[in-house]
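Asker: Sequence:
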Amino acid sequence: MGTFSIWHWVIVLVVVLVLFGGRGKIPSLMGDVAKGIKSFKSNMKEEKSGANTAPEIEADNETDKPLAKDDQSTAKD
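66 is the number that my numbering gives to position 66 of the sequence shown; each next residue is one higher, with no gaps.
Do not take every clue at face value.
Listed below are the simulated DSS-like cross-link pairs for lysine-lysine, each with C-alpha atoms no more than 25 angstroms apart in a straight line [as the list claims (entries may be wrong)]:
(1) LYS45 - LYS25
(2) LYS35 - LYS45
(3) LYS38 - LYS25
(4) LYS48 - LYS38
(5) LYS35 - LYS25
For the record, the hints were derived by calculation from the structure and aren't laboratory data.
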């Protein structure tokens, strides 16, 4: 139990080659994930800086008025 057999070392070697292989799909996939994270962070920074300079939209006063009693009774039916 204290020593590793040849099969343990073979499995470890295969896992290392798959994860860190030079031309494998895993390294390119991890690179794409890193690019996506970097793009997400830069877009979040742009959104925060753009939110301070965005013009405010004025509220429409007609939406604040209550409905007439006739409109409310027909809406319930």
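Asker: Now tell me, hint by hint, if it's right for this structure.
Answerer: Hint check:
For the hint linking LYS45 to LYS25, the alpha-carbon distance of about 31 angstroms lies beyond 25 angstroms, and the restraint is violated. For the proposed pair LYS35 and LYS45, the alpha carbon gap of about 16 angstroms is at most 25 angstroms, so the pair holds. In summary, the hint linking LYS38 to LYS25 is supported, as the alpha carbons are separated by about 20 angstroms, within the 25 angstroms threshold. A hinted pair counts as satisfied when its Cα atoms are at most 25 angstroms apart, and LYS48 with LYS38 qualifies at roughly 16 angstroms.
Between LYS35 and LYS25, the direct Cα distance comes to roughly 15 angstroms. Compliance with the 25 angstroms bound is thereby established for this hinted pair.
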